[in-house]
Structures are given as C-alpha cells and as structure tokens.
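Chemist: Residue-level listing of the chains:
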Amino acid sequence: MSVDQKFLEKKSLEYRRTIIEIIYNSGAGHTGGSLSCIDILNVLYNGFLEITPNNFTTIERNNYIHSKGHSVEALYTVLCDLSFFKKEDLDTLNAFDSHFIGHPTKKVLGVEHNTGALGHGLSVAVGLALAKKKDKSKKKVFALLGDGELSEGSVWEACTSASKYQLDNLIVIVDRNHLQITGKTEDVNPIEPLDEKFKSFGFNVEFVNGNNIFELLEIFQKVPFTADKPSAIIANTIKGCGISFIENEISWHHKVPTDEEYKKAIKELDEKLSKYE
Amino acid sequence: MNKIGKPNLEIFADTLLDQAKINQNILVVTSDSRGSGKLVNFGKELPDQIIEVGIAEQNLVGISAGLSAGGKKVFGVSPASFLTARSIEQIKNDICYSNQPVVLVGISAGISYGQLGSTHHSIHDFASLRTFNNISIVAPADNFEASEIIKASVGYDKPLYIRYGKKPMMSIHSPGTNFQIGKAITVSEGEDITLVSTGETVQRAVLAGEILKTKGINPTIISMHTIKPFDNDILIKMAKKSKVLISIEEHSIYGGLGEQCANIIAQNKINLDFKILGIPDEYIVNGSQADVLDHYNMSPEKIAALSSKMLG
Chain A
0 MSVDQKFLEK
10 KSLEYRRTII
20 EIIYNSGAGH
30 TGGSLSCIDI
40 LNVLYNGFLE
50 ITPNNFTTIE
60 RNNYIHSKGH
70 SVEALYTVLC
80 DLSFFKKEDL
90 DTLNAFDSHF
100 IGHPTKKVLG
110 VEHNTGALGH
120 GLSVAVGLAL
130 AKKKDKSKKK
140 VFALLGDGEL
150 SEGSVWEACT
160 SASKYQLDNL
170 IVIVDRNHLQ
180 ITGKTEDVNP
190 IEPLDEKFKS
200 FGFNVEFVNG
210 NNIFELLEIF
220 QKVPFTADKP
230 SAIIANTIKG
240 CGISFIENEI
250 SWHHKVPTDE
260 EYKKAIKELD
270 EKLSKYE
Chain B
0 MNKIGKPNLE
10 IFADTLLDQA
20 KINQNILVVT
30 SDSRGSGKLV
40 NFGKELPDQI
50 IEVGIAEQNL
60 VGISAGLSAG
70 GKKVFGVSPA
80 SFLTARSIEQ
90 IKNDICYSNQ
100 PVVLVGISAG
110 ISYGQLGSTH
120 HSIHDFASLR
130 TFNNISIVAP
140 ADNFEASEII
150 KASVGYDKPL
160 YIRYGKKPMM
170 SIHSPGTNFQ
180 IGKAITVSEG
190 EDITLVSTGE
200 TVQRAVLAGE
210 ILKTKGINPT
220 IISMHTIKPF
230 DNDILIKMAK
240 KSKVLISIEE
250 HSIYGGLGEQ
260 CANIIAQNKI
270 NLDFKILGIP
280 DEYIVNGSQA
290 DVLDHYNMSP
300 EKIAALSSKM
310 LG
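If you read the protein sequences in the order shown, they are chains A and B. Going by numbering that gives the first Met the number 0, 200 is the number at position 201 of the first sequence; the sequence numbering is gapless. Going by numbering that gives the first Met the number 0, 152 is the number at position 153 of the second sequence; the sequence numbering is gapless.
Each hint should be verified, as a subset may be incorrect.
Derived DMTMM-like pairs (lysine to aspartate or glutamate); straight-line CA-CA distance at most 25 angstroms [said to hold, decoys possible]:
#	chain 1	residue 1	chain 2	residue 2
1	B	K157	A	D134
2	B	K242	B	E209
3	A	K132	B	E44
4	A	K196	A	D186
5	A	K132	B	E209
6	A	K183	A	D134
7	A	K163	B	E44
8	A	K105	B	E88
9	A	K133	B	E51
10	A	K105	B	D156
11	A	K106	A	D88
12	A	K106	B	E209
13	B	K274	B	E300
14	A	K196	B	E51
15	A	K133	B	E44
16	B	K43	B	E88
17	A	K163	A	E59
18	A	K133	B	D47
19	B	K20	A	D134
20	A	K228	B	D31
These aren't lab readings, by the way, just hints derived from the structure by calculation.
Start from the sequences and build out the full structure, keeping to the hints where you can.
Modeler: Structure (structure tokens):
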C-alpha cells in the first residue's frame, strides 16, 4: 500500500485539531497520550491496516487492539475520519447515554475490544494472532501499549505466549512517551532496558520515532522483522506532541484545555496546517 | 440404592473431546491444568485444538477472549480458585464487558481441593461473578448435568462460567431429562419443605430427602444448576407451597445460592421459615471436601435433622 507522506502529515495535524476540539467540547479526555500516539494510529489505519466499515465484521482481516485505552480520543478521531461514524456522533463524546465514552467500547463501530484497564490488550491480541495462525491467515494483529502500562505483569505473561507460539503476525507497539500520570516512567517504576526486556522474551525489537510519519511508514513495511518471532516496535514519542505548551507536561495527562489554551492550541495547529494548503 | 457415577470433571473432559472431534472450531486453553482438568487425552487426540499458556491465568482468560474474537469457540480451563480470583479483571472486561462467548471452566471447584487449603478453594466464585453483567453461571450436580451443560455451551452465544468438582457423583437425573441453562430441574416434588441446592451438594439434598421419607416427610428437591440467570419462577412456585425452605451450597453463605433465594423470598413477600447452609464467614476447617461439608451442617443426616426441626 503506498500512501503519501505529506498527505499523512497533514492528516496528523487535522487529527490533533480534532482531538483537542473533542476534549475541549466534552470537558474530559486524555490529551497527552492521545497526542503522543496519534501519528502511529494515522500511519497504521491509513497505510497498513485496511480495516474499513465494510470489512469490520469479518474475521479475515487485520486487527488493531488499543490496549492503552485511555488515549481513546486518538482512536475515535481516526475511526471518524475513516467513516466508521459521523462527526456529529463523535461530538456526543462523554454526554449522557452516548456510546462515545472515555475508553474504547465496542458499541462504537471500529473498536475491536473494550479496553481501559491496563495490561489486558496484549493477551487479547495474542489470542487473535493465534486464531489467525489456526486459520492459516496471513493477516496481522497490531497492539498499541503505553509505556506506563508495561508495569502490569499480565503484559509479560502475554509476551511468553507470543514467543512460544512464534506469532510473527503479532506486532506490539509501545507508545514510549516516558511519562505517566504521576511522573516520569523511570521515576515511577523503571521499565528500561525495554529493548532488552522484549528481546529476552523472544521478540525482535526495533526503535522508531513514533511522531515521524516517514519513519513510521518505513517500520511498518518491515514487519514482521523476521519469521517465527513476534515484533516489538518501541516508538519514542513526545507526550502531548504537536502543541508546544502541552508537550512533555505531566499535568496534561488528562487535563482539559481552558478557553484560552484551546484557542492557542488551534492557532498553533492551523498555522502548521496552512503550510499544506 | 443410588448409583455412583464418575467424577463430573471426567464427564466434562469426555464430552468436550467428543464435541471437539466433530467441531474443529473448538479450542481449549489451559494453564498447566490439563492434568487436573482430565484433558491429557484431549491433548493427545487433538493437539492442534489445545493451547497451553503455562501458569498464567490472567493470560489464559485474555487469550481466550482474543481467540473468541477471532471466531473460535473457546473453553478456558483452569482451577476455579485461580480462574475466578486471579483473573477476575480479565473475566470482567475481556469476557463479560467485551461480550466474548467464551466458556470458562472452573475445575476442582468449591472445596474439592479440601486439605490444600483456602488458596485452592473457590467459595467466592458465584458471589464475584454474579455481579458481572452478561455472564451465566452453572454448577452441574451429576454426570447427566455435567455432560448436558457442555453440549449446551458449544452453541451458547454469551459468556458462561461452569464449575466442576472432582469426586464421583451419584446419578440423580434419568437420561432424557430436560436440561436448559437457566431452568432448574425439580428432582422430586413433595409438600411442606423444599430443599434447593446446586452443584455437588445436590446429592446431599437428595440423600437427606431419602432420610426424610423414612420419617414420612416428602420434600421438594430442586437442582438449581444455573446460578445466573436464576430460575426465579420455580423458586417462587415451590416456596409458596412450602412451610420450610433450606438452601444448600458449596460456597460462602454470602453472595451465592442462599442469598439469591433470600432475595426472591423477601421481594415476593413469601412467608416461610428459611435457612441458608453453606460455608460460614470464618477460617475454613481443614478436611476433605466431604468432611468440610459435613462439618458445616451439610451432611444428609444434618440436613434431614434440620428439616425435621424446622417443620416442628
């Protein structure tokens, strides 16, 4: 699948605009994490996954598990752009009786699995990948995990099975933004050396700049990195990426922009977007 | 003389093997539990239909959910104690909330592991799982129920938890009895007193009934194999025509069969004498399953004596 890098870079800016807008309008959301992973979702959904509203209910397709469920605004934004639902539906985010709640739910078309409690998605992805192996399918399963999430022991239980069953159709992506709600991941509970950890669990590991469209396009073309082994991509990202005053600020884990901050963020993004006209 | 059958666990394994032979879409996931689950033979005969995750129950449930999402009919088999406590969040989110029609099979349930102690007992599983939306809970009493529930589970389109014990069980139902998830089986219908039980304690209720008959008391005996969705109708019907109702379960007296009966009796303004027999809120006495159940007043003799006393 060939996609234009500039096209995706512009999309990422538009997606960031939507993320800020829906969080601002709904009064809640995980701003920092949604902004750190949005480029990964952009490249995956527009470049590789080939998941559409039409094939979504079929088994023989690629799967994407959004294990870091709190960054749901990024997922909803991309799915909306891919016509899984209308923007006016997404605008009900967090409203009473809306299907658009603060973590991924299958009530929303395009969401594969209900996530939100951390450390669950990888086992589910392993199960999906195993089912594909049983069906002799060549399709792949992608799972996005947060770096703070890696303290959950169940993640590593899942890794042992991925390795045992040689799931080269499984690609784990870590949104390595180095921050979690309390502080820096390495202060809260160190997870380094992360590449060594995944390697010792039987994965092939590559690093990527997870906020760089070109690098993401390249890395996803290379998976699986070798046959018979699951792949792990450590995507170094910036929490809050793309909006100057949100980047790398712990407070923006789930902070909602004020009127002033909202205007400032939109202005920044619109200035960048104007260069693509 | 009551005919003693096989352990329900063996019936489970034999029935599942039969079903899996004719349905390659059936997969079994185990956590170093194929021996305890009597699935060694399954593993030998159908090696491509068994997945082993090692001692990792959370992973077992998560992988089962994923396999199910990938179109497979999955039986996740692990000791009930670990399956329903260690993995409770995976059951809540990845099975129930995500609506994956996985069959979770809790083996050596209740106090089947007797002297191995509280770490290995599951007298919490009804209580904890009952609070989750979208899961059915079944505890088969005899070999017939043990087999029927597996046949019914293959086509069941909702999450399902089944708990099995490991002792040989007395035959209670005749072949051809109607078995349906959510519909209790009336073993015998009498007057004045109803004994309602579930799982491996049903045979104790039946034996208590035989003692009572020798004293001229003819009890109603219900096998409430499905704890959820609960067969309210049969309980209301039998309670309304009884003076005494006793519930008997291999579970904590909190949150299981007995409390569900109390709930129904109270909300339907049924006036009768009622007693819950189960494991009280204390450090459980050490002993075999039989010894422990006897100790907590669930021997047939004690159930019969309590029945007579309550009838006055």
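Chemist: Evaluate each hint against the coordinates.
Modeler: Hint-by-hint comparison with the structure:
{"no.": "1", "hint": "B:K157 to A:D134", "verdict": "holds, 23 angstroms"}
{"no.": "2", "hint": "B:K242 to B:E209", "verdict": "holds, 19 angstroms"}
{"no.": "3", "hint": "A:K132 to B:E44", "verdict": "holds, 20 angstroms"}
{"no.": "4", "hint": "A:K196 to A:D186", "verdict": "holds, 18 angstroms"}
{"no.": "5", "hint": "A:K132 to B:E209", "verdict": "violated, 55 angstroms"}
{"no.": "6", "hint": "A:K183 to A:D134", "verdict": "violated, 42 angstroms"}
{"no.": "7", "hint": "A:K163 to B:E44", "verdict": "holds, 21 angstroms"}
{"no.": "8", "hint": "A:K105 to B:E88", "verdict": "holds, 18 angstroms"}
{"no.": "9", "hint": "A:K133 to B:E51", "verdict": "holds, 14 angstroms"}
{"no.": "10", "hint": "A:K105 to B:D156", "verdict": "holds, 16 angstroms"}
{"no.": "11", "hint": "A:K106 to A:D88", "verdict": "holds, 12 angstroms"}
{"no.": "12", "hint": "A:K106 to B:E209", "verdict": "violated, 52 angstroms"}
{"no.": "13", "hint": "B:K274 to B:E300", "verdict": "holds, 16 angstroms"}
{"no.": "14", "hint": "A:K196 to B:E51", "verdict": "holds, 22 angstroms"}
{"no.": "15", "hint": "A:K133 to B:E44", "verdict": "holds, 17 angstroms"}
{"no.": "16", "hint": "B:K43 to B:E88", "verdict": "violated, 32 angstroms"}
{"no.": "17", "hint": "A:K163 to A:E59", "verdict": "holds, 23 angstroms"}
{"no.": "18", "hint": "A:K133 to B:D47", "verdict": "holds, 8 angstroms"}
{"no.": "19", "hint": "B:K20 to A:D134", "verdict": "holds, 17 angstroms"}
{"no.": "20", "hint": "A:K228 to B:D31", "verdict": "holds, 23 angstroms"}
In this structure, the earlier hints numbered 5, 6, 12 and 16 are contradicted, and the remaining ones agree with it.
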